[in-house]
Amino acid sequence: MISDIFLTIITMVFALMVVFSKKTVVSAFALLMTMLSIAMIYFQLGTVFLAAIQVLINAGAIAVLFIFVMMLINLEQFQNNREKGKVKLVISAITILIILGVFALIINNNIEVLAVNNIADNSMLLMFDKLFHVYYLPFEMATVLLLAALVACVVITGHEKNAKVELEGDKHE
Amino acid sequence: MEFLSFIIFLTIATVLGLVLMFISNILGQKVKIVRKNDVYESGVNPVGSATRQYDIKFYVTAIMFLLFDVEIVFLLPWALAYNNAIDKGFLIAGFAFFITVLLVGYIFVINSKALQWEE
Amino acid sequence: MLEGILEILIKIVVVLGIPLGALPIIIHVERRGAGFIQRRLGPNRVGPFGLLQPLADVAKFMFKEEVHPTHVRPFFYTAAPLIALVVALLPLACIPLFGTFEFDGRTIYPEVFRSDMGIFYAFAVSALGSYGILLAGWASNNKYTMLGALRACAQMVSYELSLSTAIVAMIFVFGTNDIHGIVGAQTGYWFGFLPKWGIFVQPVAGMLFLVGIFAESNRLPFDLAEGESEIVAGYHLEYSSMKFAIFFMAEYIHMLALSALFIIFFFGGYSLLPGLDLIPTDNAFILPLLQAVSFITKIAIMVWVFVWVRWTLPRFRYDQLMDLGWKRLLPLGLVNLIVTVLFVYFRNQ
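Chains as they are written, first to last, in the working numbering: chain A, 665 to 837; chain B, 4 to 122; chain C, 3 to 351.
Bound conformation, chain A alone (with noise of 0.2 Å):
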């Protein structure tokens, strides 16, 4: 119980961090504690399987991404584009808004919701045989997506033959 809570404001703290620290770095190193705690949260609850699979993907690849971009482009010259402070709690009061109206649809409509004590590791193979039998279709339209998001990719990061490429340690003012 006290973990729960615990976690929870880890959580919500990290959250808030990525949304409002200063430095676009800092940003994403909260978004990387933020990925974990939630796998913590997993792992608390019984399903180290999803844990395992939240910091594979979530923390160890598309965190390990943000932070490669924000190394890569130099940020000083993008410090003062950064959304000033009014601007982004209208944002995120908006956000919250409709996160708060997406909790009411589903408690006014008694929307199924997975009972979380039942979740164990055995009880993982129960939602794989479900994941490849009844949603076998939308398991499948994912690598298409993921598929264009591949090509998207390729065609955004330009291969023209004439593009000057600016290579590692090749500029010496």
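These are computed hints drawn from the structure, not numbers from a lab.
It is possible that some hints are incorrect.
In silico lysine to aspartate or glutamate, EDC-like type, Cα no more than 16 Å apart, as pairs [as the list claims (entries may be wrong)]:
(1) Lys-91(B) x Asp-793(A)
(2) Lys-35(B) x Glu-68(C)
(3) Lys-116(B) x Asp-58(B)
(4) Lys-116(B) x Asp-325(C)
Far from chain B, by Cβ distances over 12 Å, these chain C residues were calculated [as the list claims (entries may be wrong)]:
(5) His-30
(6) Val-31
(7) Pro-45
(8) Gly-190
(9) Ile-201
(10) Pro-223
Ideal Cβ placement from N, Cα and C applies to all residues, glycine included.
Given the structure of chain A, go ahead and fit chains B and C onto it with the hints provided.
What follows is chains B and C alone, placed relative to chain A:
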């Protein structure tokens, strides 16, 4: 109980790291020389700052890793589900489609020379 | 409750104590091995056969001055070695040194925490190893460290893909994800003499995994992150005294954890070495002891392989390294997976 063990393990590991880190902070000698704290660039005066633009290929590598990692991680529960499934043919058909799309994406990436490091 | 916590603490002391205690020995073996391979002596002055050299090194690290450069980002600079060490230690929590056994009417598990998804936990946590390096390189605010960190990170993520395909293939073949189940499936012999190790079932996956752990732990021939002739020392250039030693320790512990995973998948984990199973196990403690001896022997052989490769092969060029990861090993892993799946499916038809 598992979570408790994990938390105790994490705490002990962190404390161990902290103790190791501050041991030389306390025991080590301290000599103040101004130039000693400069950037280490093999004895040459540093030129420019370290935050600069690096090759975009590092970024492309990271995003390719993300996409392929998601696809391969999808296969982990599939491999577990296959051994408990009754209709194995159905799962194999899905796997065939999945891996075909994966291979198409892979061939596209290699052909686009997005991961070509040397001309 | 109190008894349970005591049990956890004992396990943690064992799990942390064995790798940390073995570390000086490994470093000594590495140096003497280097001397042996390069036909020179290696450290042989301090104590008999130079055996006390690692202790002298530790003492030296402790009493060295901690240089704290002025241009670094202080918080992340201090946090990076800590993160590297903790992340390297975490996978050890799920690696069993011996099998479960009955004691005092209770079943004793060797892992710090028991989960049948433990193998995924260990794999996922060891994938976080790139953060310590990335953070160190960025926080040091130096071109060399930055390049070292970027290289290390891109290399680690590239080789993680082929490592993952090997793991999927192995889990598919064994049909279980429980570490004890995987080890159990590898106990016994084919034709009475060939151990049922995973390497004989999936040699290609074994090769991919082996190359993967070399690349993940940044060891030669994959130590582009610290190629001293190009980028001085890579990501830990600005670190001194114990902070530098911590990076060193983290690298070795990461190597040990990944070797343990490799042995669990491909060399039968704690299953008894051929010959040891002839010893009668009438006492309840003899079997776990023999299993621990087998596991540690296998890891020691792996450590020797690491040393041997390190002082035999030259370093790759960076484009060769990335080409090997993306254009050779990843397609090989995918093809291996497809062949395995089809073979298992049609054999059971």
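Structure-inconsistent hints, enumerated in ascending order: Those not satisfied: there are none.
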